[in-house]
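Produce the entire structure from the sequences given, and follow the hints as far as they go.
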Amino acid sequence: MSKLLVEERNLVIPGQEVATGIDYLPSVGTAREGENIIATRVGLLTLKGRVLKVIPLRGKYIPKVGDTVIGRISDVGMSGWRVNIGWAFVASLRLAEASERFIPRDADLTNYFDVGEYVACKITRTTVSRYIDVTAKGPGLRKLDTGRIIKCDSSKVPRIIGKKGSMISMLKEASDCRIMVGQNGIVWISGQDSDKELLVEKTIRLIEERSHEHGLTDVVSKYLEDNKQNG
Amino acid sequence: MAKAFKRNDGRKVDEMRPMEAKLGVVKSAEGSAMFKAGKTIAIAAVRGPREVVPAHKQRADRGLLRCTYDLLSFSVNDRKRPGPSRRSSEIGMVIENALLPAMDLSDWPYTSVDLYVYITQADAGTRCAGINAAALALADAGIPMKELVSAVAVGKVDGQVIVDIDKHEEDQGEFPTDIPVAMMPNSGKVTLLQLDGKITKDELNSALKLAEKSCKEIQEVQKQAIRAKYVSKEESK
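Heads up: the sequence lines are chains A and B, in that order.
Each residue of the first sequence is one higher than the one before, counting from 165 in the working numbering.
Each residue of the second sequence is one higher than the one before, counting from 250 in the working numbering.
Among the clues, some could well be false.
[Unchecked claim] As a list, the in silico SDA-like pairs of lysine to any residue whose alpha-carbon atoms are at most 25 Å apart:
id, chain 1, residue 1, chain 2, residue 2
1, B, Lys450, B, Val343
2, B, Lys395, A, Glu199
3, B, Lys306, A, Phe253
4, B, Lys395, A, Val170
5, A, Lys301, A, Arg258
6, B, Lys395, A, Ile226
7, B, Lys395, A, Gly213
8, A, Lys228, A, Leu208
9, B, Lys395, A, Glu181
10, B, Lys276, A, Phe253
11, B, Lys478, A, Cys316
12, B, Lys462, B, Asp258
[To be verified] Here are a few chain A residues that sit away from chain B, every Cβ distance over 10 Å (derived from the structure):
id, residue
13, Glu171
14, Arg236
15, Arg258
16, Val279
17, Asp297
18, Leu305
19, Ile332
20, Gly355
21, Asp382
[Said to hold, decoys possible] Covered stretches of chain B, as calculated for chain A (at least 3 residues, CB under 8 Å):
id, segment
22, 294-300
23, 357-371
24, 387-395
25, 469-477
Hints in this document: simulated from the structure, not taken from any laboratory.
Positions of the beta carbon are idealized from the N, C-alpha and C atoms, including for glycine.
Here it is, written out as C-alpha cells:
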C-alpha cells in the first residue's frame, strides 16, 4: 500500500522516509531504498502527480541548459571569453555567441567584454559537467555595465522571482529599479539612486532569510510599504 | 564481589555526554556545523563542489570527498604543534571513508567536495565529534546523502564496557580499550570501526550494541539541529 509519510511542503532531512510503496516515484533530492522513498537533501517536499521532489534550501548552483545566468568575465582569450557563473567550472562564451553585431577577426576582444565585467547570458550546452557554453545573444542578454551586483543562494531564486514573477514585479514597481535575477543567484540592480538600489538589496536579503515561510509575498509587500514611507 | 563500576563524571555506562549541534557557524562556507559532546567541540565546513586541483587527481566517473582534520593548537593541554601530522592526515582519511558510503558524488565528476574539520577543544572522541559535525555540514551544503552519519566512541575501561569515553577515562585503568564507531543508524550500516586495545568477542558485541543505540540518539540531535535552523523562525512568528 503506497502512502505519503510526510506532508507536502514540509521540511525533510537526508535519510528521512518520505513515502512508502511503489506508486510514488523518486526525483531530484529523493531516492528509492527498497520499498521506501527517502530524502537525500535538506529541503521542502513537493509532489507532482506521482513524482516526489525535494526543493533544496541551500546548495551550489548547478548549470542547466536554458538557464539565464549572470556571470563574471574571468579571462579573455583569442576567440572568446571565460565566464565564471558560480559553478566549479567556468563557462565559455565563444566569439560567434558574443554579440548580434559582427566582430572583426583582428578586433580587441576587451572592447566587448573585459575581465571583471558582468554579463547576462544563457546556457546553451553542457557536457556531463565540465564544459559549459553560454551565449550573450538573445532578448535581454547583454553586458551589465551600470548598477550593482549582489550574490544570493541559487536555491532562493524561485522565491525572489515569485510565482509567475509576482515577487520581482512587485519589487520593480516599488523601487523603480531595473532588476535581473540570474538562475545562479547573482542579481543585478540598477536604479536612479543608490537608496532605491539598497532597498532592493535589503528586500532580497529578507526574502533569502525567510524563503521557507508561507505568505512571504505579504511580508515583503508590507516591508516595502513601511520603507517607502520612511524614505 | 568486585566494586561497582563508577564513572568519573557520574554518568551511567550507557549515558553519553551532553550534546549540542548547530548549523551555519561558518558564514562564508557552502555549509557548516558545530558539534559538541561534553568538552569536545568540533567545527566542520564544506566548500564545493569545486574544481579539483591538482588536475591529475580529478576523476571522470565521480566527484571526490577530501577531508582535512586537525586539532587547533590550543585545543589540548599541551600545545599541539600547528600543521598537518601523521595522526591528523590519517584521521582525515578515516572521516572521509566514514562519510563516503552515505554519499553519491557520481553526478559531479571532475569536482571535489572539500571538508574541513577542526577541533577547537579536545576531550577524547574528537574524530567522532568531527564526523557528526561533518555530516551536518554536508547536509547544510546541500550535498546528497542517503542518511546522516553518526559516530560515537565506545570502549572498555577497568573491564566495563562504556559509551562515549572522555579523556579521563581514556587514561584510566590498565588497558583502556577505545572503539570509535560511525554508522548510519537507520539502515544499521557501520562505516567506521577502529579498535585500540584488547577486548573479547562478547564484549565487542555488547559495545557495538551500545554504539548503535547511542548513534540513534546522536542522529536525533543532528536532525534537531537541522530543523532548528529552519523551523524555529516559523514558530516564533
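Hints, one by one, checked against the model:
1. B:Lys450 <-> B:Val343: Holds, at about 24 Å.
2. B:Lys395 <-> A:Glu199: With Cα atoms ~15 Å apart, Lys395 of chain B and Glu199 of chain A stay inside 25 Å; holds.
3. B:Lys306 <-> A:Phe253: Roughly 15 Å between the alpha carbons, so the hint for Lys306 of chain B and Phe253 of chain A holds.
4. B:Lys395 <-> A:Val170: 17 Å, holds
5. A:Lys301 <-> A:Arg258: 11 Å, holds
6. B:Lys395 <-> A:Ile226: Holds. Lys395 of chain B to Ile226 of chain A sits at ~20 Å (cutoff 25 Å).
7. B:Lys395 <-> A:Gly213: This hinted pair holds, its Cα atoms lying about 24 Å apart.
8. A:Lys228 <-> A:Leu208: Roughly 21 Å between the alpha carbons, so the hint for Lys228 of chain A and Leu208 of chain A holds.
9. B:Lys395 <-> A:Glu181: With Cα atoms ~10 Å apart, Lys395 of chain B and Glu181 of chain A stay inside 25 Å; holds.
10. B:Lys276 <-> A:Phe253: 23 Å, holds
11. B:Lys478 <-> A:Cys316: 18 Å, holds
12. B:Lys462 <-> B:Asp258: 21 Å, holds
13. Glu171: 14 Å, holds
14. Arg236: Consistent with the label, Arg236 of chain A stays out of reach of chain B, its closest Cβ about 16 Å off (over 10 Å).
15. Arg258: Label holds. Min Cβ-Cβ 21 Å, cutoff 10 Å.
16. Val279: 19 Å, holds
17. Asp297: 17 Å, holds
18. Leu305: 26 Å, holds
19. Ile332: 23 Å, holds
20. Gly355: 27 Å, holds
21. Asp382: Per Cβ check, Asp382 of chain A is outside 10 Å of chain B; nearest 12 Å; holds.
22. 294-300: Answer holds; 4 residues pass the 8 Å Cβ test.
23. 357-371: holds (count 4)
24. 387-395: holds (count 8)
25. 469-477: holds (count 3)
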